[in-house]
Amino acid sequence: MDGDIFDDLVPDFTGLLDAPAPAARPAPGASPYAGLDATRFWRTGVAETHPLTVEGLYSKRFPIGTRDRIATAGSCFAQHIATHLRARGFRVLDLEPAPWGFEPAQAQAFGYGVYSARFGNLYTARQLLELLREAMVERPPEPIVWEKGGRFFDALRPGVEPEGLGSPEEVALHRRIHLGRVRTMFERTDVFVFTFGLTESWRDRATGRTLPTCPGTIAGTFDPAAHAFHNFTVQETLDDYHAFRAELAAINPGVRHLVTVSPVPLTATAAGIHVLLASTWSKSALRAVAGQLYAECPDLDYFPSYEIIASPWSRGFFFEPNLRSVSPAGVAAVMRVFLAEHAVAAPPGRAEVPAPEDRPRGGRRGKAGRNRRAAEDAVCEEMLLDAFRP
Amino acid sequence: MSAARLCVIGSSHVACLKLAETGGAPTGLPATEYFAASGNLIAELHLTDGRYLAAAAGGAVAPQLAAVSAGKTRIDLADYDAFALVGVCFQFRDILRLFRSHCLWRHRDWRGARALIGDAGFAEFLRGVYRFRPAYRFARDIAAVRPDAPVLLLPSPFPTAAVLEEQGMRDLRDLRDTSYFAEIVRLHRDAATAAARSVGARVLFQRDEAVAAPGFTAPRFNEAAVGLRAADKTSPGQWHEEKRAADPWHMNRAFGRMRLEDIRAALAA
Chain A
1 MDGDIFDDLV PDFTGLLDAP APAARPAPGA SPYAGLDATR FWRTGVAETH PLTVEGLYSK
61 RFPIGTRDRI ATAGSCFAQH IATHLRARGF RVLDLEPAPW GFEPAQAQAF GYGVYSARFG
121 NLYTARQLLE LLREAMVERP PEPIVWEKGG RFFDALRPGV EPEGLGSPEE VALHRRIHLG
181 RVRTMFERTD VFVFTFGLTE SWRDRATGRT LPTCPGTIAG TFDPAAHAFH NFTVQETLDD
241 YHAFRAELAA INPGVRHLVT VSPVPLTATA AGIHVLLAST WSKSALRAVA GQLYAECPDL
301 DYFPSYEIIA SPWSRGFFFE PNLRSVSPAG VAAVMRVFLA EHAVAAPPGR AEVPAPEDRP
361 RGGRRGKAGR NRRAAEDAVC EEMLLDAFRP
Chain B
1001 MSAARLCVIG SSHVACLKLA ETGGAPTGLP ATEYFAASGN LIAELHLTDG RYLAAAAGGA
1061 VAPQLAAVSA GKTRIDLADY DAFALVGVCF QFRDILRLFR SHCLWRHRDW RGARALIGDA
1121 GFAEFLRGVY RFRPAYRFAR DIAAVRPDAP VLLLPSPFPT AAVLEEQGMR DLRDLRDTSY
1181 FAEIVRLHRD AATAAARSVG ARVLFQRDEA VAAPGFTAPR FNEAAVGLRA ADKTSPGQWH
1241 EEKRAADPWH MNRAFGRMRL EDIRAALAA
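Those sequence lines, one after another, are chains A and B.
Read in my numbering, the first sequence has 88 at position 88, and its numbers run on one by one without any break.
Just so we're on the same page, my numbering is the position in the second sequence counted from 1, plus 1000.
Next up, chain A with everything else stripped away, as it sits in the complex:
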């Protein structure tokens, strides 16, 4: 039990406006590297350390406590974060809980309990920004609907209904209700956790909306006249997140941000180059964005899950044999570092239920209502691109 619960209520912004201080000004003739901590040198900070016993890699910018309402969104990797935060007693919002009776694996397959609402994976900052804007308007535009086998899919979250819905009208109603829940999420969250996933994306030319996956992967039909490839630049991604942060602050002042970069490489690239080059570029761009945001935004923290998993330091320990999926050991290593800074002693398994006006009427909440995830496998549309491999 935390003895100083009030500490969690008052974020510690001391020193946030100061840039990370270099070593004290050296005396004339002395090297600025002299006397630095061991973590400042590659040999002692990386090469001679073990990935499971690292210290000093992450120092929280602000505390995240058990009373903070946390919303999660982002790429596939972010799903692991949400799962483990819940298991550790953090109040992770779930504005679209699974129906009573859904087993965890079933719930996951329908997008329940994966993030704080059933928006599916948001791989890019642009998707996130567009979602916020769509959720906040009084009359959202008609959704983009894909068809497959006589069933209909919400193009902006095709994976949450694996078998589609019965009609475009049904898709529209589902989305309208979903956006209401998303709006509530943005209005109520104290800490917004976002994992940057990709820079490559596909855009619907007619609406300008950024799609989570190329049409034809889950549903729909790819048409170069209707769909355009776009590889977001560092500047575009940075601008998008700045815009998101500003617009979110306008409706929810005081919200803090925690960003990470997914260490999961691209499944496939449409950039016309080797996937290793494309993935490195993409992750480098996203890491640069995260670093710049950290430098510019005092209410934003960066958590180094990318470095823990994907840097040479981990020697590939934390990838599965496909060199792409993060192993349970990797997820555990990430959470260990996180919890070393944000340790809580709260009982596990609590998820924030919707406010009374949103809470389903009547009934007890069973296992599905607590949205415990049985499977470690993340739901990933991007991974489905592997089906097109020769």
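The set of hints was computed from the structure by calculation and includes no laboratory data.
The C-beta atom is built at its ideal place from N, Cα and C for all residues, glycine as well.
Keep in mind that the hints are not guaranteed to be accurate.
[Claimed, not checked] Cβ pair distances, simulated, as ranges:
1) A:105 to B:1005: 36 to 46 Å
2) A:343 to B:1167: 37 to 47 Å
3) B:1173 to A:180: 21 to 31 Å
4) A:187 to B:1132: 52 to 62 Å
5) A:246 to B:1167: 46 to 56 Å
Once you have looked at the hints, place chain B on chain A.
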């Protein structure tokens, strides 16, 4: 199918069948033994060497089994060549639990759209529900020991509409006679049937003549409702008291007789 020895296993809903037989079994019903425990206690029985042993289950199961079966506390599956599992598959409350929080889009106007669930999601929900109901495990157990024995699943009866006056149910008063609820009931029946088929069993739903409206049993089958009765032996506990008060959930001897006739007809088919 033809059978000489029928084993009935189930919940308190076995009571009306047993008492109906006491009053005169339908002609052609096999020799029948009954094993029951209240609520989901019967689910604590697990197969060991071809038999269910009450002593190996929780402490409350054995006395209830003994009270119902004239002292027997073990069920040797090899002793029977037909089985009826009563009140341990489809339950009315399963419908309501989803119903209160989610609705299908074509019924979105019913009490306003809270959360929607697609028909595929609803079907998946139903599959999950029936996967874990005791009846389906029992059916698999029986198939392992007596692969040729027919297994009949008799769902818990629908309650009477009086259930809508219960605390916690009053918000559902306009359930009755709605096309939405009728469709939900139909979907549950379809899911229960498919689940039964997957384990080699067959569901016997209550007859239309016993249904006042989809999801509700005709009140005449609730008059003098019975649950497990062993008041002078081992009392199963609080649900006995409920039987002395209004109880829209359990049915009477007449209902039990009708179900025995259904079993007989199914076994003779």
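Here is how each hint holds up against the structure:
For the pair residue 105 (chain A) and residue 1005 (chain B), the supplied restraint of 36 to 46 Å holds, since their beta-carbon distance comes to about 40 Å. Between residue 343 (chain A) and residue 1167 (chain B) the Cβ separation comes to about 43 Å, which falls inside the hinted range of 37 to 47 Å. The supplied range of 21 to 31 Å is met by residue 1173 (chain B) and residue 180 (chain A), whose beta-carbon atoms lie about 27 Å from each other. For the pair residue 187 (chain A) and residue 1132 (chain B), the supplied restraint of 52 to 62 Å is violated, since their beta-carbon distance comes to about 37 Å.
Judged by the Cβ atoms, the range 46 to 56 Å given for residue 246 (chain A) and residue 1167 (chain B) holds: they are separated by roughly 49 Å.
Hint compliance for this structure: hint 4 is the single one not met.
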